[in-house]
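Chains as they are written, first to last, in this note's numbering: chain A, 145 to 511; chain B, 12 to 845.
No lab work stands behind these hints: they were computed from the structure. Don't be surprised by glycine CBs; every beta carbon is placed ideally from N, CA and C. There's no promise every hint is true.
[Stated by the list, open to error] Okay, the calculated beta carbon distance ranges per label pair:
1. Asn-305/A - Gly-791/B: 44 to 50 Å
2. Asp-415/A - Glu-330/B: 46 to 52 Å
3. Asp-415/A - Pro-766/B: 34 to 40 Å
4. Lys-489/A - Lys-570/B: 55 to 61 Å
5. Lys-489/A - Arg-307/B: 23 to 29 Å
6. Arg-410/A - Arg-788/B: 20 to 26 Å
7. Thr-495/A - Asn-77/B: 30 to 36 Å
8. Arg-292/B - Asn-330/A: 37 to 43 Å
9. Asp-765/B - Ile-302/A: 37 to 43 Å
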Amino acid sequence: MEMNQKLKEKFEEFCKSHNLTGQKKAQLKKKLMQILKKVAVEPGTAIGVLSAQSISEPATQMTMRSYTLASQTTALAKVTHGLPRMIEIFDARKTFERSMIIYLKPKYNNKNYAKKFAEKIKEKKVKDSLASSSIDLLNMQLEFIFAEKINFDTFKEIVKNYMKDGKITRKGQTVYIKPDDAEIKNLRSLKFKLLDAKVGGIKNILSVAVKKEKNDWIITAEGSNLKAILELEEVDVNRTKTNDIYEVESVLGIEAARNLILEQARETLRDQGLSVDIRHLLLIADTMTFDGKVSSIGRYGVAGHKASVLARANFEETVKHLVNASFRGERDNLNSTIENVMIGKVAPVGTGFVKLVIDADKLKGKK
Amino acid sequence: MTMEITSIDFKLLSPQMIKKMTTVRIDKAELYDPDGYPIDGGLSDLRLGVIDPGLRCRVCGATAGNCLGHFGYIELTKPIIHPLYAKRIYQLLKVTCRKCGALLYDKSDKKISLKNVYKNPLKVCPQCKEKQKKITYQKPTLFREDSKELTAEEIRARLEKITDEDLKLLKIRGGRPEWMILTLLPVPPVTMRPSITLESGERSEDDLTHKLVDIIRINERLKKNLELGAPDFIIADIWELLQYHVSTLMSNEISTLPPARHRSGRPLKTLAQRLTKKEGRFRGNLTGKRVNFSARTVISPDAKISIDEVGVPKYVAKELTVPERVTKKNIKYLKELILRGPDNYPAANYLIRSDGIKKKITEENKEAIAEEVTIGYIVERHLQDGDIVLFNRQPSLHKVSIMAHKAKILPYKTFRLHPCTTIPYNADFDGDEMNLHVPQTEEAQVEAKMLLAVKDNIRSPRYGLPLISCKHDQITGTYLLTREGTVLDKKEAAHIFMLIGKENENLKDSYTGKEIFSALLPSDLNIEFKSAGCVGCPHCEKHNCPYDAYVVIKNGKLKHGVIDDNALGEGKGKLINIIERKYGSDKIKEFLNNVSRVSIYYVTHHGFTISISDQMVNKNITTIKEKKISETRKNVDHLIKSYKSGRLKPLPGFDEKGSLELLIQSEAGKLMNSMSKLIKTKIKENSAVIMAKTGARGSYVNLTQTSVLVGQKAIAGKRIFRGFRNRTTSHFKKGVLDLKSHGFVFNCYKDGLDPFEFFFDAMNSRENLMDKSLQTRHSGYLERRLVNALQDLKVEYDGTVRDSSGRIIQFVAGEDGMDVGKSDNGEINFNLII
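Full structure from sequences and hints, please.
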C-alpha cells in the first residue's frame, strides 16, 4: 500500500514539528510503511456490510426529534434531523424540507446588502399582494382586489400565461379576469393557479433569513433553487450550498451529488453526537452514485437493480422479480453472497473468497 | 464426484415441459374413496409422492423423506390466463398486429425495447397494413379490444403469431409468450402440501389442496357443460370462475380479486404467499435457517472470568457436543470419556462410525461402544473448557454482535459474561438472554478463533477506538483506587498482587493506589492525557493539576492523575487504545482482565453506595436557585409583555410568536445551564458526584434534576401547548404564556413535583417512550435496506471495491485502503510509531 497525498502531508508535517531529518526520517518512513501494510483492508473483506452496519447501528440510537431546547436558538431554517433525515438521504427522496445556505461575494458581503438581496430572491406570489380574491358567478369572472399598487401590465402578462383567451380589466385596485370559456370549473382552477403564480423573486425560495456567521453575512433559505441562485451576480458560487441532491446532480454533476450525500449524512450523524468513520459514508455515497446517476438504497434503487434474480427476490417484491425473470429468461450466476447462502454453498467473500487446492501428492513428498 | 450448482435459469414452463415433468393426470375432485384409500387420479394419488412413513413411492421407490414427490397435471378444458403475467400479455398485445402478429414498430428505428415500442405502437401494421384497434386491460385478467372482450383462446392465438425474431428483438428470452396462457396446470406433489391427521382421525388438507380441488371441480363442470352444449353465457360464467380459481392458486393477494377463503373465513395461503414476506420461503427458509448445536439462556455477569471466555452451564455443556475424530493420539482419552457415561460430565454423547452410522452412548452400552472405537471414527464429546463457541445477542446490529469466546464450564443455569464485553453486545443483566453456537468443523472453529475472537475485536470497526472497555463500577473502582490519598496496607496489597498474578515476597508496608495501579501497566508505557474529571481551566497546569485530572504515566508508573472514563471508557479509552496498539491483543486482554479484577475487588471491599443525602444541597445553592428563578421569571414576563404590546423584534426567519417561543426557551435553557454549572462547581464530592465526574454512571444534568430543578419539559421540541383551548389545563388563565403553565418544572425530583409539573413530566416521558418504540422499526428497516444494497461489495486483490458483477465502486477502498477497525480513530497515530 502506498501513502496517499493526505498521509504524505501529515508525515512531512510531523517530521517538521519533531525535527526529524535524514536517517531518522527515513527510519520513521520505513516503520510507517510497515504499519500501513498492517492496517490495510484485507482482500475479500465484505466492506459493504461493514459500512452498512456502521451506519445503521448508531441509527438505532438516534432520536426521532432531536435538538434539545437550549441549542434551538441556532436553528433557523426548517431542517429535518436525526433518523428521518438519514432515511431521506439514503432514499434519495424527491420531496423533503429543502433549504439553502447562500454566501455572497466579498463585494456584497455586508448586512444591508444581504438583507436587500434576501428580500430580492424571495419568491413572491400573486396571493402575497392580494387583499381578497373571489369568483363573480353573476358575470362569470374572477375578481382580484390588490392590497398594494401593482404593475398592471406585468400582471396581465402573468395572467396570459394561464388563460388562453379572455378579457382583463382594471378598476382602481380591483382587477377583473374574464376568460372566454368561463365555466365554474375553469374559473376555480384558474383562480388557484393564479394565486400561486410567481410575481417576482426566485421560484421555490420560500422564506429567507439573514444571519452572521464569523465574517460572513449568510442567507439561509427555506426551499431551494440552486440553478437560479448561482446565476445571480452577487452570489459566491463556491460556497453556496443546498441540501437537494437531485438539484446538485443536475446543476453541478454527479461528483458533487456524491459529495453532498456524504456531507449531509455526516452532518446528520455529527448533530446526534455519533461518531462514524468517513470511509463508511464514502462507500455508501459511492454506491449511490457510481453508475452516473443518483439511485436510492431501497427497492427502487441499488437493491432493486442487482444482477442476481435471487438476491432481488429475497429483498422485496419477490413475486414481481421471479415473474419478470422468467419472462425475460434471466440467468442467475450465483456470484454474490445471498444466493450462495440460499443454495448452501460457501459465499465468495472473506475466507470463502480464497480458492486454494492442496496438492496432496506434493505434500506427501511424492512429487 | 461432487456436483455444484453454477447457475440458475428462469424460464416459462411450456405445455410440453409440463407433460414431460409430470407423472399423472389429475381429474378427480375427490381425494379418498369411502375406505379412506387415495383415489387414482385424485389429488392424493400415490404417484404424486409419499408422505406416510413406511410406504415407498410408486414412481421412484424411495421412502418418505427421501422422495421429493412428483408433479401431476390438470388438463384445463379451456385456456386460462396466468394472472401474474397479465401485464406482460397486455404489453405484447399492444405491440403486435392483431392480424399477422408482426411488431408494430418502424423497422428503421434501431433503438428497440419492449418499453419503447409499448409506449408508442404504430396504428397500422407495417407488414399487412391492417388497422389496429385499441386494446385495454382491466385488472386482473380482462382484455378488451374496442369494448369487445377478448377470450383467453383468442389471446393465445394472437401470441402464437409473434415470430421468434421479434421476441429476440424485444429481449424476451424466457420462452414462447403463448405459454403465459395455461392449457396444462402442473399439480404440485403431495410432499409440498401434506395433509395432517387430526386426533379425531379426521384428515385436514393443506390450503393448496383445497384450491386444487376447486380447480378440478370447476374444470370438470366446464367440460361437462361443453359436452352437453350448454348456452354460451353459462360456459362463459364457468370459464370465468375457473379463471378465478387458477388466479387465486397463483397468488391470493391480487389487488382486484377477493381473496379465496377457507371455511373458517381465513384467507388461503397459496403459491405466492408461500414465497413472500418474512416467514416466506425466501426470507424464512432460504436465507434464514434454523441450526442445531445452539443454546439460549439468561446471562449474568462474572468479572472474574476472562473477557474472551463465556461461562456455560454444565447442563448446557452436556447437551452441546464437539465432534472429535479418533486418532492415535486421542483414542485413549476419548475411550475414557465414553466410559464415563453420558451423564457424568465431561463425557461423550454419540459415536459416529466411519460408515456414517451414529450411535447414542448410554449408561448401558458405554462399555460396548468404547470397545468399538477405532481410529477414523468420530466421537461427539461434551463441550469442554477452552472450546471455541460463538456467542450472540439480538438484535445483531453490527458484526461484533456475534463473537467467538472460549467456553468455561460453570455450575448453575446462566451464561456468564464478562462485564467489559457487554458493550459490543449492548447487553445488560436485567433478564437478557443470549445465544451460543458450537462450530462443528475444524475449519469453522479455526475461522471463528482467528477472525471473531473477542480480543481481536476490541477496536470498533465503526470508528477505530476501543469498544470493549470498562464501565460503571470498574471506572468507579479505578478512580477510588488511584485518587490521591488512597493507601493500602501490606495485606491488602498482597491480595491484589495475587489477583493479577504478580505475587511478590518483598512487599513494602504500604502502597498508594497509584502504585498498585502501576502494577497493571506494561513497564515501558509512556503517555499523558487529561482525565474525564478535567474541568477545562483556561490555563492547564498539567502535572500540577489541582484536581488531579492530568494523567502522567512514565515508564509504566502512574505518576499523576486519576484513572477514569477517559482512560478506560468506551470510545475514548486512551489507555486501552495505546496498550492495544503497542502491545497487541493478548496484552490488552490481560490488562482488561486485571483492571476488572482489581477495581471490582476495590469497590466491593471498600464499599460504594449512594443515598438520598447525596442529593442534598446546602442553603447557599437554594438561595442562588431562588434568585435565578425569579430573575428568569422576570425576563420571561418582560418578553411576554413586549410581545403582547407588539414591541418584540422578531428573530430572522421567524414571526413574532415563533421568536417569543424561541426566546423563552432559551431563557429556560439558560437557567438550566447556570444551575448545572452551579452544581458542577459548588457541590461537595459524594458518591453520586464521583460517578458523574468519572463518567462511571449518570451526569451532572441528572444531578441537577434530582437536587436543584428539573427544567423545561417539551413535546415535539416545543414547550407544552396541548390540552384545552389556549391553555394546558383548566387551572391556568387562557392565553397565559409563562413558564409554569407550559411545562417548566421548578422543583427537583428530590423535593417532588407539584401536580402540574408531574403531569407535564409524564407527558414528556410518554413522548420519549413512544418515540423510542416507534423508531426501532424505522431504523431496523434502514439497516435491512442498507445491508441489502451493500452486501456484495467486497475488496478485491487489486484493492478496488467491486460489486458482485465486478463493477468498480471505489478504486481504493475508503480512498486510502485503510481498515477502520485497525486504525486509530480512522488515522495513523505518528506518536506511537517512534
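To see whether the hints hold, each was checked on the structure:
Between Asn-305/A and Gly-791/B the Cβ separation comes to about 48 Å, which falls inside the hinted range of 44 to 50 Å. At about 49 Å, the beta-carbon gap between Asp-415/A and Glu-330/B stays in the expected band of 46 to 52 Å. Distance hint check: the CB atoms of Asp-415/A and Pro-766/B are about 36 Å apart, consistent with the given range 34 to 40 Å. Distance hint check for Lys-489/A and Lys-570/B: the Cβ-Cβ separation is about 58 Å, which falls inside the suggested range of 55 to 61 Å.
Take Lys-489/A and Arg-307/B: their Cβ atoms lie about 28 Å apart, and the range 23 to 29 Å holds. Our hint of 20 to 26 Å for Arg-410/A and Arg-788/B holds, since their Cβ atoms are close to 25 Å apart. In this structure the hint that Thr-495/A and Asn-77/B lie 30 to 36 Å apart at CB holds, the actual value being about 33 Å. Roughly 55 Å separates the CB atoms of Arg-292/B and Asn-330/A, a value that falls outside the hinted 37 to 43 Å.
Our hint of 37 to 43 Å for Asp-765/B and Ile-302/A is violated, since their Cβ atoms are close to 59 Å apart.
The structure does not agree with the numbered hints 8 and 9 stated previously, though it agrees with the rest.
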